[in-house]
Amino acid sequence: MQELIEGRVWTLGRDVDTDQIISGKYLTIIDPNELKKHVFEIALPEFAQRARPGDILIADENFGSGSSREHAPQAMRAVGVGAVVADSFSRIFFRNAINLGIPTIEARGVRALFETGDTARIEMRAGRVTNVRTGRSVDFPPLPPHLLGLLEAGGLVEKVRRELAARKAPGTGTP
Amino acid sequence: MSRSNGHGATLAEKILARASGLEHVVPGQIVEGNVDLAMMHEQGAQTVAPFHQMGATEVWDPERVVIAIDHWVPASTEGAAVLHRILRKFAAETHLSHFYDVGQHGICHQILAENGWVVPGDLAVGTDSHTNMLGAMGAVAAGVGPTEMAAVLALGRLWLKVPPTVQVRVRGQLGHGVTAKDLVLRILGEVRTTGAAYKAVEYTGPTIGRLSMPERFTICNMTTEMGAKTGMVAPDSKTFDYLAGIAKHPMHPLKADPDASYERTLEIDVDGMPPMVACPYSPDNVRPLTEVVREHVKVDQAFLGSCTNARIEDLREGAAVMKGHRVAKGVRLIVSPASTAIYEQCLREGIIQTFTEAGAVFTSSSCSACFGGNMGILAPEEVCASSSNRNFPGRMGAKEARIYLMSPAAVVATAIHGEVSDPREFL
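One line per chain: the protein sequences are A and B, in this order. According to numbering that gives the first Met the number 0, the stretch in the first sequence is residues 0 to 174, in order. According to numbering that gives the first Met the number 0, the stretch in the second sequence is residues 0 to 426, in order.
Just chain B, with the same shape it has in the complex (with noise of 0.2 Å):
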């Protein structure tokens, strides 16, 4: 029994006492942080501006400094043409070499964690909010507009707020055909999206150790839809494993004191969960997937990609539900992989194959359908099944689209019945 008003630190306290220099922060105070890693993708063009207008000319550290586009890759209009030239100059006058350009694309923050940028004890910034994903290395990761970021180059720092910790302590088995994605609808569906506004949710108990890096990640992902500043995970052997000759900078460990204060702590038992769905038009009206079943909503598009749910093992899942089956006629199933490196092993498996000789389109690797802003886009009165992470309205297109957040398995299932489907009958 761990008790939730003792003296000690949670890790977020000490991540951030350390990025500050203190010997320890509490819950309120603002700090000075500085940056271990940041990491721009096309909104950083509009970083530009404002660094020129600071005076700046040089940026602090440009080996801390990753920029991975990847809405529009390559791009698709000619705004999006041009704020990718924006990032080649500015990455070229500045010195700025780990520019994973077209070619070498993919969704940055996929780009972040195969690539080792982010390490145990990190503070990392970048101009996406679904940078806390990248918490799941046991560091403090968060999103920030264009301007901040212009501040981060310029001096390497930024203030922050220290946030109050929420524990969620998940304990139980993940039943056959449940997945990571829906453990975090789950707990979505219970802190809701304004339920860790402003603070840190830190991963803790005997089901979150054994998932691996990737589940983590989907996790820690989708704490941003929960309002929080980042989601965590305490590093572990399976934190090492994973960073084990990719990691770009030395590591600082850390985990929370076991008398931390927690401000709540949530406890989840995932045993006999079934698979879960976030219904329109927010992601924490979550339902048992069971129950959605049975009302036979028809789709007119899926969708199995973006930073929440396209890695190697997600496709995987989807592919051994494909496998033998067609996707319905007059649904389009869209699959786009996280990054290029595992579009190369998607080809490698014969996932490709998979997926277009069903009848599916496959993708180059990029956000894709996920922002409504690029392709995919959804008219009005449409739905889609969706392994991304959030269906506000608009999100995906037109604003009376309806959009179910799901786990890959699920959208592969809903594609072949052409209505919200359980893909446990596949399994």
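Just chain A, same shape as in the assembly (with noise of 0.2 Å):
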């Protein structure tokens, strides 16, 4: 995880539920490449053709809410979205994209300061977002230590193996 991200914007309304993100009719697709060419199809359509690695999502209230399909962070992430911003988040769509490395930030009063097409800046561990365009910027709790360790792993499947490596080889320094 970096400390600074900084990207282009897409903006999004409130309550982009993930049929919105993914819809219903794609959840039998598993490959993350396919997924990405149907990406907010309905909440954005240019987005899927024109997205590059490393935008960044700001976003409204309750981004994510309904289902618990991970396709959503996974197309996401194989767009390469360098980090989503919301002023709240529905639960699971969080977990979900944290456990994924990608960094999701809470920052109330966010969606108001961006346009589609801006820059922004976020400071990870000050907890800050900064339009560059405008100098505006809105501060937001940092992530607690547990959920910035996730994302320095690189995401939960990193940790895990980490933790079961350690324990399969107890002692030996193996990692």
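Treat the hints as calculated values from the structure; they're not laboratory data. Note that the coordinates shown come from a computational prediction; the quantities given were computed from them, not determined experimentally. Beta carbons are placed, not taken as given, at the ideal position from N, Cα and C, and that holds for glycine. What you were told as hints is all true, and nothing was included just to trick you.
A few chain B positions that, by computed beta-carbon distances, are all more than 10 Å from chain A: (1) 163; (2) 172; (3) 175; (4) 363.
Quick partial rundown of chain B residues pointing at chain A, CB under 10 Å, derived from the structure: (5) 49; (6) 53; (7) 70; (8) 74; (9) 126; (10) 127; (11) 153; (12) 223; (13) 280; (14) 372; (15) 396.
Just a few of them, taken from the derived set where beta-carbon distance is under 10 Å, the chain A residues facing chain B: (16) 24; (17) 29; (18) 41; (19) 42; (20) 91; (21) 154; (22) 157; (23) 163; (24) 164.
Join the two chains into one complex using the hints; note that each chain is given alone, in its own frame.
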């Protein structure tokens, strides 16, 4: 996880639920590279075509509500989304995104500061999101150490892999 | 008069303390909770790759894992067939014998309930967002994603932030033809889709005490639409009667302290409450059904199904309305029971015949039309009355399609008239 994340912004409205991120008809797709072709088909149709790795999503309240489908953050990770920032998140989406290693930040009032095409700068530990164009910023409570640790490991898979490896080889120093 | 700001523990806090082996926990605290039951449906197929990437080879406790496929049963696309095959292979390799495959299938939450897989005091997780339904057993039951589930299968535990609890206390008598679905819609109208985000919702009060377990399932189920981590009812004699002879593991019945500290308490009085309906495009866009009826909202499809409302009691209510009437010309009524056991019960009671003779289609048990990915899919501008739980844009197909959420009886009354209708004229 980088301490400073900067990227081009795409804005989204409130209550963007998982049906609007990845529609139910695509739920049998497992390959993230196939999934990413359909990401935001309902909420932001031009995104799948034009998004670049490192782009930052900035949404209003209750982002990712609805189903538990991990297809939604999977598709975003496949695009290479640099971070997702929202006024608030739905809890399963938040967990899924952090577990996949996507910096996911709840910052009250953030949506009002941005337009699509702006550049956002996120200071993960200081807890600040700044619109580079306007200079306006909003502070957020930094993620707790437990979740920063998860992001630093690159996500839950890597964190558990290390734990299981340590369990199998106690005291040998093998990673 | 209960105090909302006491120092006692809520039901959710007690269960999470037990799960994490701690004396007590407080909201905001991050704990590692030992899982009593893990459930996977088709999304579990995405659990297999991360499970292997973690270097895991064995499931922590195969006796605590249930697989219940429900979204595409039997497989209706090649993609779904592949998901099912991945799960079958994984189950064989890791010795997961509790697999409710085609023939024993049902909606995953109903499978857990009717087979006693979740009991009072449990911490249960499932790969579906409506896992909340099992909180009606007096458990903390929450939805998780497949990567999270891979970690649960490997370790038998997961991290949880202890949620603050919102108490919803309900009193009064539900009127004739007014159901648990109408009650939960009413609550959603007040709590809204974000009002319980990250929180536990505990339903209390005399009205909740009188509700049957299936009615409590309906209410806890739609707690998901309030954004909650879990919705729950403290166990009582109804819980113990329901689980008698079917509980799969020992219970740890817990209840909130009398001076439990709730973040807030919402008081609901249901005396005189009419049936309710959630209008497009959000489950919290709730209005009295009587108001919407006056607007003559024509429908193309009516759906009686889903984990929210497709138990035998729901189908009996629907059949009682259906009997002696026909589905209106130009309307498609789809009825899908929540499990194979319920399907068989419908067969014995003549419910299938009642519906098919009236011009409805009675399907095998599955999630069916609820999620817009298998059958009963809506075209643009079409309108559907549904006993399910979500009506967001695109939920049942085209993003322009309009979905009205209501009780099973109201769905059938609507199918008979071809427009949103009040079921009480049929009861």
